[in-house]
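With chain U's structure known, arrange chain W on it following the hints.
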Amino acid sequence: MAIKFQRVPSAQPSVAFAARALAIVLALGVAGLVLAARGNAPVELAWEVLSSTFGSSFGLEDVGLLVTPLILTGLSVWVALRIGAWNIGAEGQFYAGAFSATAVALFIPGPTWLILPVMFTAGALGGLLWILVPTLARAYADVSELITTLLLNFVATLMVYYVATGPWLDPSGHALATTARLPHDVPEFWGIVHYGFPLAILLTFVIAGLLNYTRWGYEVRIAGSNPSAALYAGMPFRRRLIVILLMSGAIAGIAGMLEVAGTVHRLQGGISNNFGYLGIMVAVLARGSSLGVLAGAALMGVILNSGIILQTQGITVSAVLAITGLILFFTAIGNELAHYRITRTEPAAS
Amino acid sequence: MRAEGKALSGMNDFVPVHHASSEHRYGGMEVPSTSPGRYEPGSGAPPLVLLKGISKYFPGVVANQDVDLDVMPGEIHALLGENGAGKSTLMNILTGIYQPDAGEIVVDGYAKRFASPVDAISAGIGMVHQHFKLVTAFTVAENIHLGWSETPKRIGSSVLEARTAALAEKLNLAVRPSARVADLSTGEQQRVEILRVLARNARVLILDEPTAVLTPAEARELFKALKQFVSRGNAVVFISHKLDEVLEISDRITVLRGGRKVATEKTADCGEKMLARLMVGREIVLSNLRARQPGAAGISAEPVLSLKSVVARDDVGGILLDEVSLDIHAGEIVGIAGVAGNGQKELTQAVTGLRLIHSGQILLGGKDVTTAGAVDYAKFGVGHIPEDRLHSGLAPALSITDNAIIREYATAPVSKGFVFRPRLAAALARTIAEAASVAVPDFGMPMRNLSGGNQQRLVARREMRIASKVLIAAYPSRGLDVGAINTMMHYLVELRDAGVGVLFISEELEELFNLSDRIAVMFHGKIMGAVETASTDIEEIGLMMGGQMRSSAGAQAAAGKH
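Protein sequence lines correspond, in order, to chains U and W. For what it's worth, the working numbering labels the leading residue of the first sequence as 1, then goes sequentially. For what it's worth, the working numbering labels the leading residue of the second sequence as 1, then goes sequentially.
No wet-lab data here; the hints were simulated from the structure. Treat the hints loosely; a few may be bogus.
Have a look at the derived ranges for each label pair, beta carbon to beta carbon [what the hints assert, rightly or not]: (1) W:S437 - U:A141: 44 to 50 Å; (2) W:S437 - U:F154: 53 to 59 Å; (3) U:A141 - W:V311: 24 to 30 Å; (4) U:R38 - W:P441: 48 to 54 Å; (5) U:V155 - W:A137: 37 to 43 Å; (6) W:D119 - U:A141: 45 to 51 Å; (7) U:P13 - W:A165: 54 to 60 Å; (8) W:P441 - U:G55: 46 to 52 Å.
One-sided excerpt, in silico: chain W residues whose CB lies under 7 Å from chain U [stated by the list, open to error]: (9) G373; (10) V375; (11) S392; (12) L398; (13) I406; (14) A410; (15) F420.
Backbone N, C-alpha and C fix where the C-beta goes; we use that ideal spot for every residue, glycine too.
Okay, chain W solo, but in the shape it has when bound:
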């Protein structure tokens, strides 16, 4: 810290430098910056990066087996696969975090060995991780220059900012150099991360699920920036679960399954169903689940859960929930769309008894439960799949049994009066694991040994058992692969058809549209509008996610169509 401060205080000897950058390598190319043209490598041009026969083993696990991958200049190459398919391992090998047990990395025609990420970035390979690695208390300019060999030794903030502005302009990534990272939106933070990698002359940019944290508009901005980047002869490796955006942005797609490469195809030759099949090895249909099977419960006339002008504030009086009114009927799935951090978390806390609201009323089956606690809500039949299962819904270090029974430990058969019966607890855990189709070799082993998908299935099944009236499902598919997401969606449908009201919070518009009977959009703690799914479209929801009220959003979306 001290060295940093010193570096920032001296500023007189800065001379604007022209660094060696992608510019000089591709200096001859003139690319109009407004409409990025396709970069066409000359025939016989070597791939920027070539992975040959990469294998990586962990005890008992084959993370990668004989994987080939070639990334050509000028292409966006999507890497697709389920959780645990080996995408991250492969990219960790390419960026020097892991060393392969077998195989070769060839960059620009030369075989390379990366002992660390520093080696990889000096060879022009940089990665933007899903969780940003920025210092939030520092400005954008400071973050860009942090730990960079080209940062001048003695330099002041205005010069840092000027350098950053110059870089941003050259690389066409709009950032505010003097802003603190903590004050930036997630989309802006991501741009800073990308700029940081590109400033170090990366020619291959690896992005791990970059759109998970973005609004549709921000995602479009990102895509534009990526297309410009590759038009200069660079390449992007784009890791994603989301089939639609992969189809939209990429030039070629490589699918991994079980650590092996299944296929590399031109995107033009791919379709969603085909990709889903390649990823999971069987046919998966993520389709409209709104239609009811015969025999399913109908939507009740009276709401089962009702919020009336609910206001929640943080410790210093800031508004978290702003006059939220929402009805959820039995047998109905109400989707909550919105970029994470716009009050969804506080909404789930309010309707599960985890947060005392400041004013307003919450009714459950007509009964006032505004001041009830978490135990009361559970007793009243409200299940809760929490946003961050490992942090709040589970005790990862404790046994699977202890975790499975957290909702029913106080009642018979697990407890009788004060007495807790471990054997009956284990029996209940077995029942829940069977319902979730999770094979558990040992119920005494710690929860964290299970995969994310299995953990989520167990949590979902555990909560479904107590959700006789309402289930609050916060991002139930976050971090899961296609197969597990499909299971989650069918769980919610199963509850809906049994006459339970479901509040379904998600960032995935496709999921929301496939599942919800109505969709409400949250922005800055407010409900921007609740609409029948059948009478809206992604455009309208997207506009509301960006902060427009229902009526104007509808009008604008309609105007855009004409």
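So that you can see chain U by itself, here it is in the shape it has in the complex:
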């Protein structure tokens, strides 16, 4: 009897799901082994992490705060992928959104009920403007958006460092590297979790609805899967590409606005916390599914929060990055293996 592996063109959804669940478990297992080798007790650490995350509303609130930007940056990358584009620049657009919203809050006086919506709009516009040039370059000159969006991340990161340590530095002199506390807060929704959380979930459903229940969404689907087929049917591929990419930038910008106005309340260097890059991971984990964005963001939120807890146990924050890397790595392997079927064949009697 021989065992053979046979590749099938498309994996069954149940197999694909199982493969990814297994990948996550394996990645955590490997991380546990490494911690054990280092002299930590992984089981106790895991218990510590689980009980302080899920054992109290405080833990869940912390996760909720982390999940909010992850949903949005994940959604940003995911939406660009619908038309086959890789927005690696959610990080930069996040910064641009936070920057624009801060500018509004610091320099336009007015009541919160008026300024907050203006900040929101400014955040979205900031993200949109940050992806505008890569979008046009891709649409009209076929310049890879992957490179251009990535490079602009560094520009945005440094720009925010500059203003937060220079021209917009807190004049009170208490802080070294942040702006003053913003006068307007996104109101809280549950504990310390602000209204950005339900808003992010709502936005995910709105976008999923647009893609699944409009002619426009159908055209995006075809164009993303095979641009030649879109041209064949006379669909305006370029227009759809432009709108999707601008949308992607705006969503990441909103994430930045909510982070600064809801969670941190000051603009500071490093405010993005790598949320833009982690969004790529959320989108990859989610694959085709919009609900997957929520699930992926939740998973990443729990992992990030675990990292904070682990830090209190003397484990560096880099360990958490390593764990997320492991998850992505095992997921990629799992996705590939889900394409294989194992068959047993009896050698024919000769």
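Chain W in isolation, oriented as in the chain U frame:
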């Protein structure tokens, strides 16, 4: 690449070598090269290749079951079967790409196991695939010597070319050693492929649909070369769908169906109908469909689609369509003959709104549509079965539903205003699949999971729904088996009888003659002439395909007959 360049730069130490080749094995035989005689193996000579009880299983599929095949020295053995009959699997087993789950491969009386194509070629079995595996930026000589153990380590281009010329002469395959492959015609490229295999001392040459890309004249050249090759005691396995050429060239025919061998017969004892029946397991008549049934729409007086001096250019100004003028009437099928790449693709793009023409005019039902886009053409009632369905007509990774509705997604019932209704989309997809008689277990599964024949049927039915005036069908039978081709042809007839004008582009002259009311021939972007099918013959069309204008082609064909 670097190693290659180095190998090409040094050239001084080349010594002309006489390689071991078929020559030494059959050295005693004198065969006049001009008229290849039949090679008669001595009685009791072992077959060159013997496959015994070959079986190959894929999950859920029996690709081959208990297949026997013997290839004798000196014969051209045709392997015939529908798509999915197991021809490719069998040949992939013989060339070491797959390993059989059961059965034996015997070469020259010795049982062999091929772990890879390298093993197969060293045992003298080589294959020329349908899609050539040449490096187009390299010269012919470089391609011949690429990845060949007998290529000297340090060698320059002139020596490579000399070696290639010597090989070409010995094997009687005319190639230009210094030409870049990219500059060669398809027929020449194929000769390079064959030379490449033969240079490695192949004694069994497997050809996968070799004539699909050739003009009739080039095909005749190929046949001549194959006959010479087997006259030296070698063998050819010839895979094909085309019954007429199989009957013309082969000595024996093996027919596969559903992974099993149905029959091996001497070609002399076979006829087209019998082979078609063996292939599909039932009677198939690919016959003249030009006659109208009573009640069918007649040919309209006014053309429904009219091209007037249409010129199309590529990005750098090269001529793609050269003053093309053509009328298609309602209720008429106009065939376009010609070797692929002579402007057929650009012609279909021009009349479906996918390419802006440089000058000239296109009229649809008398209305000027020269500058209209793809959506407009679809709206005006022009359907389009594209040349390469997987690349341009479908999104293979998306669901069958998404693919089926690509022409009607923007209109009721699927869409109402901006709102897209997935359930009604699925209902439309079901309707189209039923009309195409394609059994779809799950409309959410990706299109690429369907077989080529089913994909094409769905595309055809989808386009027929919108083709109220004209259908542009580009190579609708390409890659399909006899049964599916038959279905396609009847689809076109169904449209014609409903009063639709059909532009039917094909490389298969037999199809064109069976179906078209008129045949136009394209060569280098020009229409060489449009003739009534009833008043022409394959010879005349063939000459026009080779670049002769109508009048002279007609005269020459007529002269040839007397």
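Query - Ascending list of hint numbers which this structure does not respect - result: none
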